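Chemist: Listed here are the chains, written in short residue letters.
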Amino acid sequence: MNKLMNLLFAVAALFAVALPASAQEAAATLDERVNTAFANFTGPFVNFIFAPIPGTSFPWIVMWLVIGASVFTIYFAFVQFRFFGHAISLVKGDYSDPNDAGEVSHFQALATALSGTVGLGNIAGVAVAVGIGGPGATFWMILAGLLGMASKFTECTLGVKYRNEYPDGTVSGGPMYYISKGFNELGLPGGKILAVLFSVFCILGALGGGNMFQANQAHVQITQITGDYPGWITGLVFAGVVFAVIVGGIKSIARVTEKVVPFMGILYVGASLIVLIVNADLIGWAFGQIFAGAFTGLGVAGGFVGALIQGFKRAAFSNEAGVGSAAIAHSAVKTKEPITEGFVSLLEPLIDTVIICTMTALVITISGQLLIDQTTGLYMLNEGGSAIATVGDNSGVALTSAAFGSAISWFPFVLAIAVILFAFSTMISWSYYGLKAWTYLFGEGKTTELIFKLIFCVFIVIGAAANLGPVIDFSDAAIFAMAVVNIFCLYFLMKVVRTELQSYGSRLKSGEIKKFSH
Amino acid sequence: MKLLIGLDGHSSGKKALEFAKGIAKRVDDCELIVAYVIEWSPFTFQTPEENEQRHKRREEEISTALERVVNPAVAALSEAGFNARGRVRHGNVADTLDAIAHDEGASQIIIARSSEGGITSRIFGSSTANLVMNARVPVTVVA
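As you go down the protein sequences, you meet chains V and X in turn.
Counting along the first sequence from 1, when you hit position 77 you're at 77 in UniProt numbering, and nothing is skipped either side.
Counting along the second sequence from 1, when you hit position 117 you're at 117 in UniProt numbering, and nothing is skipped either side.
Derived from the structure by calculation, the hints contain no laboratory data.
There is no bait here: all hints are sound.
When the alpha-carbon atoms are kept at most 16 Å apart in a straight line, the in silico EDC-like pairs for lysine to aspartate or glutamate are as follows: (1) V/514 x V/97; (2) X/56 x V/165; (3) V/251 x X/50; (4) V/515 x V/337; (5) V/181 x V/165; (6) X/56 x V/168; (7) X/56 x V/100; (8) V/259 x X/50.
These numbers were taken from a predicted model, which means no experiment stands behind them.
Given only the sequences and the hints, what does the whole structure look like? Please build it.
Modeler: Okay, here's the thing in structure tokens:
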């Protein structure tokens, strides 16, 4: 293993030394070649996932996610609001048996899942949504976040209920397990095929949103500070560090990241609040823009439908409700009641989308980075007419950075560190999700696991080198493809969750389930 | 009568055991409970892989604590003719020792003077100090 790592670092060093000579030109062409090849290869898949409903411009996949979340919300009678207080009590550990101390707690499972979702979706993804769909996208994003809480509840309950517990005490769970075992239990056909299909999409999602998008935007953020340089260099450095963690087993790096990332999250929300407090007089106006934009579009491309599509898309991409990834992370918790993990997980879209994403959207709106035509009060479009014109023509993470920078001049530096850490922690989480799907398909074993991990590292370099457009399209498409299979299967399995919910609810009411005095 | 003896794996624990034996000799029907708490918080951040392995690690931690600290102490006490048994739990040391004493109905907790030191104990206080401040039963700290 040491030899392998030495070789990797030697190759990386060789690239770094050799670069200045043949330099920028060759590097730029390499980036372009990677970009073109990638866009051509993924085009048909992306086009299928984002195909509009005939006669409209509305992508069917967005409708699919929203209908799913709405169905679960109604089917479980607004579980996200009824059991919200109970979810908080569970996270606090009020219902945890002291004799189980030392096992994975509800808080730890939630924090681990959150570190996989709170990331660039909240910083860069929201900027993309607001940049294209205007402030109105925020309204739809919040609505999708609130509805998504029910999707998350459903999938995470099933994740714990149908997880595999091995004789050595380790566990494996996630949609591939609940689809195959759940369908089997209900006597439904096709469970195994659907589980395999989900696993394939999960691997693509891990390589897309959980990897390339992160590497890409981390590179953009670094170049904001250092000036432009070829993306593959960032990719190679990231790949080296990820390689050291997931292949080399240097867990200390991951551990440090896992500890720093939550503080970065708090710092990010804190900085957002400072910007909002400094501009307190504009908060009312910003909410006005959000509500007006939600129903009229305020001049954005595609009108209010454009705002709605962007809001729903980015919410789903950010909080991953209905995608199934969180079910993999949550299934490690120690509980005798699978449904308790469902309650805890419904806090995820709330924290991720309703709180953090909304903060980003408000800061961008208030910062004045989005250009408004003063005579009409509508947003001005860029030259291509595809997005709102911004100060300095920024988009994605650069737009968020500029928005914070306009209020706190030094914040882009902190944001750059936050982005790199968020990107890294999301990559580590998704490398695990992807690996679980990979081992479900190909079996567990050191060689099969190493193959996936190497593929994962190669895609980091591709992601950092490619342009935002093809990367974001592929990332969205891959993650949404997971949701196609997952939500389809959840419709069949949701009655299992309802039985659990009814049983737990009545026992909670009767006092059979009690708080432990700690 | 039940006495709870908190050990931390250091040699100073022997003094606590000796002190407890001294009391037990003078009392009829005294049970000695030897406890070891593995420092753990449910509010830490872990990677997905750590979570996956957690149950296995917990079992390993408990068996290591039993093998190295608790079982030898219990065996030595039993050989010396005392009625003794052991317990291992995860958690905050001070809170957990107090909770075990409360659950078991122990009449006092006996611990050795803290072997912790440095900046951490200065800022957050040592487990011994926290136990003395917050326990619901008398605590004897053996120097």
